[in-house]
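A.B. asks: Okay, here's what each chain looks like letter by letter:
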Amino acid sequence: MIRKFVGTVASVLALVAGLWLMIAPFALGTQPENADWTDPTTSEFFTGLVIAVVALAGALAFAASIHEELVARGLVTVRRRPEPEPEPVPAAPQGASSAELASLLAPLVEALREDMNKTAHAGEHRQNGKATLVGVEENR
Amino acid sequence: MKAKLGVSALVLLFLAGLWLVAAPFAVGYQPRGAAYVDATLNDLWLGGSLAAVSFVALVVYAADALRELARRAKHAES
Numbered sequence: 001m002i003r004k005f006v007g008t009v010a011s012v013l014a015l016v017a018g019l020w021l022m023i024a025p026f027a028l029g030t031q032p033e034n035a036d037w038t039d040p041t042t043s044e045f046f047t048g049l050v051i052a053v054v055a056l057a058g059a060l061a062f063a064a065s066i067h068e069e070l071v072a073r074g075l076v077t078v079r080r081r082p083e084p085e086p087e088p089v090p091a092a093p094q095g096a097s098s099a100e101l102a103s104l105l106a107p108l109v110e111a112l113r114e115d116m117n118k119t120a121h122a123g124e125h126r127q128n129g130k131a132t133l134v135g136v137e138e139n140r
Numbered sequence: 001m002k003a004k005l006g007v008s009a010l011v012l013l014f015l016a017g018l019w020l021v022a023a024p025f026a027v028g029y030q031p032r033g034a035a036y037v038d039a040t041l042n043d044l045w046l047g048g049s050l051a052a053v054s055f056v057a058l059v060v061y062a063a064d065a066l067r068e069l070a071r072r073a074k075h076a077e078s
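Protein chains in written order, with the UniProt record's numbering: chain X, 1 to 140; chain R, 1 to 78.
Since the hints were made in silico from the structure, they are not lab data. Just to be clear, a hint being listed does not mean it is correct.
[To be verified] Where chain R lies over chain X, by a calculated footprint (3+ residues, C-beta under 8 Å):
1) 14-22
2) 25-37
3) 50-57
4) 70-80
[Claimed, not checked] Label-pair distances were calculated between CB atoms; the ranges are:
5) R/Leu18 to X/Leu75: 29 to 39 Å
6) X/Asp36 to R/Leu18: 22 to 32 Å
7) X/Trp20 to R/Arg32: 24 to 34 Å
8) X/Gly29 to R/Met1: 37 to 47 Å
9) R/Leu15 to X/Val78: 30 to 40 Å
10) R/Val27 to X/Pro82: 49 to 59 Å
11) R/Ala62 to X/Pro32: 44 to 54 Å
12) X/Val16 to R/Ala76: 49 to 59 Å
13) R/Ser49 to X/Val76: 25 to 35 Å
14) R/Ala76 to X/Pro82: 40 to 50 Å
15) R/Val56 to X/Phe26: 42 to 52 Å
16) R/Ala26 to X/Gly74: 44 to 54 Å
[What the hints assert, rightly or not] The calculated lysine to any residue pairs, modelled on SDA-like cross-linking and capped at a C-alpha distance of 20 Å, are:
17) R/Lys2 to X/Ala63
18) R/Lys4 to X/Ile66
19) R/Lys4 to R/Leu69
Keep in mind it's a predicted model, so treat the numbers as computed, not measured. Don't be surprised by glycine CBs; every beta carbon is placed ideally from N, CA and C.
Input sequences plus hints: build the corresponding full structure.
C.D. replies: Here you go:
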């Protein structure tokens with residue numbers, strides 16, 4: 001653990017050094033104003049940029065490694081985001097719902113029609129009425 | 001794996017420190033035989049410090065890793 005901490009501190013120091021190198025030619029006045037960059041400026045700026053990027057990557061890597069070890073030891077608990085609630089299904093448009101309703105009711109209508117046909121053919125054998133319903137309707 | 005990435009960064013930083021020390025003479029903005037200019041002084045101090053800090057961090061890392069190995073070996077024997 002301590003070695004990773006030392007690595008993190010060294011990387012952060014190097015990051016600061018890299019940032020300083022990038023601004024040093026302008027801060028120290030070795031780069032003339034309103035002139036093209038001189039050789040020392042170019043060298044220091046790009047060296048500082050590379051150092052800053054590498055140091056940042058190193059610091060992040062060491063910090064992630066420390067965090068990993070703390071989690072493995074149970075000293076740090078990882079917060080898990082709550083799972084998002086499922087979004088309610090949007091209501092289907094009216095046209096679609098009536099078409100679905102018709103398709104759902106079609107077998108029922110067919111069954112009713114068959115039942116009525118059977119009743120019409122066997123109307124004489126009805127026990128609770130003298131005439132079939134169809135006959136009653138026709139006699140009205 | 002992440003620690004290895006960090007160690008690689010430390011090695012690169014050590015090399016960058018060495019480069020900074022050599023840069024004034026390699027690039028040629030430090031005249032030979034003349035007093036050190038400001039840019040040279042800046043590079044020498046910063047490069048030396050960077051190389052030293054990176055080197056110490058690498059040594060500490062290696063020493064702690066070796067100590068942990070020795071502790072594990074001792075624990076395995078007993």
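A.B. asks: Which numbered conditions among the earlier hints are violated in the structure presented, ordered from lowest to highest?
C.D. replies: 4, 12 and 15
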